[in-house]
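Colleague: Please arrange chain L on chain Y, whose structure you already have, making use of the hints.
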Amino acid sequence: MKKWDDNKAWFMVIPVFLVVAVSAILPLMTVVNYSIQDIFGPDNRIFVGIEWYREVLTDSRLHDALNRQLLFSSLVLLIEIPLGILIALMMPKKGWGASLSLVLVALPLLIPWNVIGTIWIIFTRPDIGLFGAAINGLGIAFDHTGAPLDAWITVMLMEVWHWTPLVALLAYAGLQAIPEAYFQAARIDGASTWATFRYIQLPKMRGVLTIAVLLRFMDSFLIYAEPFVLTGGGPGNSTTFLSIYLVKLAVGQFDLGPAAAFSIIYFLIVLLFCWLFYQVLLKVGTGDKS
Amino acid sequence: MTLEWMAWTMPTAIFFITIGALLVSMTIWQVKAPSVERKGFLPIATTPGDRLFIGLLGSAYIHLAWIGLTMLNLWIAFVIALIWMIVLMRWG
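Chains as they are written, first to last, in our numbering: chain Y, 1 to 290; chain L, 1 to 92.
It should be emphasised that the hints constitute simulated quantities derived from the structure, not laboratory data.
The reader is advised that the hints may include incorrect statements.
Heads up, incomplete: computed chain L residues facing chain Y, CB under 10 Å, no partners named [what the hints assert, rightly or not]:
#1 GLU4
#2 ILE44
#3 PHE53
#4 TYR61
#5 ALA65
Every residue gets a Cβ at the ideal spot worked out from N, C-alpha and C, and that includes glycine.
Chain L extracted, bound-state conformation:
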């Protein structure tokens, strides 16, 4: 089966491979060391999976806001999103 109809590009392939790798790693982590809900600075108790989802959704909005509101380089938004992800996963 050819995947030509999906119009793949290298950036989107890297993007989805990263997301897939994150999900697989989180699953392995969960099986090896089952997580428990905890309360950080977020108003709800969350598991690492919850925080990953919130982090990814937040990162998407950070990128959209950057594109919509500024003409600056998108890599800056990427760094901000990365910091957001680390802070959320550690203290969220």
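Same shape as in the complex, but just chain Y:
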């Protein structure tokens, strides 16, 4: 076959393969080894088989963390996708206003994740934080360090503030790519703003919105730094998501075996979503709806 005549290009992949082998494959193998042993020290370990997997899979705290994670990711999508589209629709399409709004909208994306958590700790403090003090000034008791609901509201606000710009920018790119002829035809037919959005803009944004949904789902599913800095998983365990629980298990309690088994399960969940993400991306724009 023609395409297999020259395979020399594959040698170019060797450096990447070596880097991935050292940075990912060897650690993954080690985690698998740890997940079936009780590790007390480098020379003191006992083979336990699937015991850690059984313990982790029947652990109610893991189930709670997974439910919290799914709820969090679902809320992220429910809020960020419509809000991102709305912002994109409201952004100027041309002129200096378009450039300025693009820069302003993109600003939260440029801030390091742990700094985001610190900003929101200060912003929502009931004594000196602008948001916290203002809410308390209205007579509503708000304290994200003591009340689980307040902690969730704060984490959601932070997440929406941080990542809705990404959805807005993707939706904006999708909107800009729609030829003007579609809007001219809609105007000639006397289509309302809603009808134009429903039957022209929304279908034309399908590709970028698919990418936005999958990116935001994946990213929110792996979230760690921002809620860890902001709430540390508390109060209680109310904002302990999967990655925070994993770190508590591995570094806090030093339960390396269960943490390794948990890591493998977490990895398999993420791998499944990554594969689905990849499959959808392959289909986007090809007209294949299977």
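Modeller: Positioned in the frame of chain Y, the structure of chain L alone reads:
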């Protein structure tokens, strides 16, 4: 370089050697007889490499479901996963 820090055991060594052997065999097979995408019972067109990946991922989930939902012997899950792999590679 000692590999003591990786905490190897015989079962994990056999597991990874099997996965490695599968990947090497598939690569040799691909070079000797280049594969083409085909459509089986899966909703997408797949190459043998795709089906191997889906099969391994599915097998992992079969084992996890078995451990999480039953107290039965894990070898039963292994046989089910093996059947799943054969069916997928042949008709997937």
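Colleague: All hints, please: hold or fail.
Modeller: A quick look at each hint next to the structure:
1. GLU4: With a minimum Cβ separation of about 6 Å from chain Y (threshold 10 Å), the hint on GLU4(L) holds.
2. ILE44: Since chain Y brings a Cβ to about 6 Å from ILE44(L), closer than 10 Å, the hint holds.
3. PHE53: Result: holds, 7 Å to nearest chain Y Cβ.
4. TYR61: At 7 Å from the nearest chain Y Cβ, TYR61(L) passes the 10 Å test, so the hint holds.
5. ALA65: This interface hint holds because 9 Å falls under the 10 Å limit.
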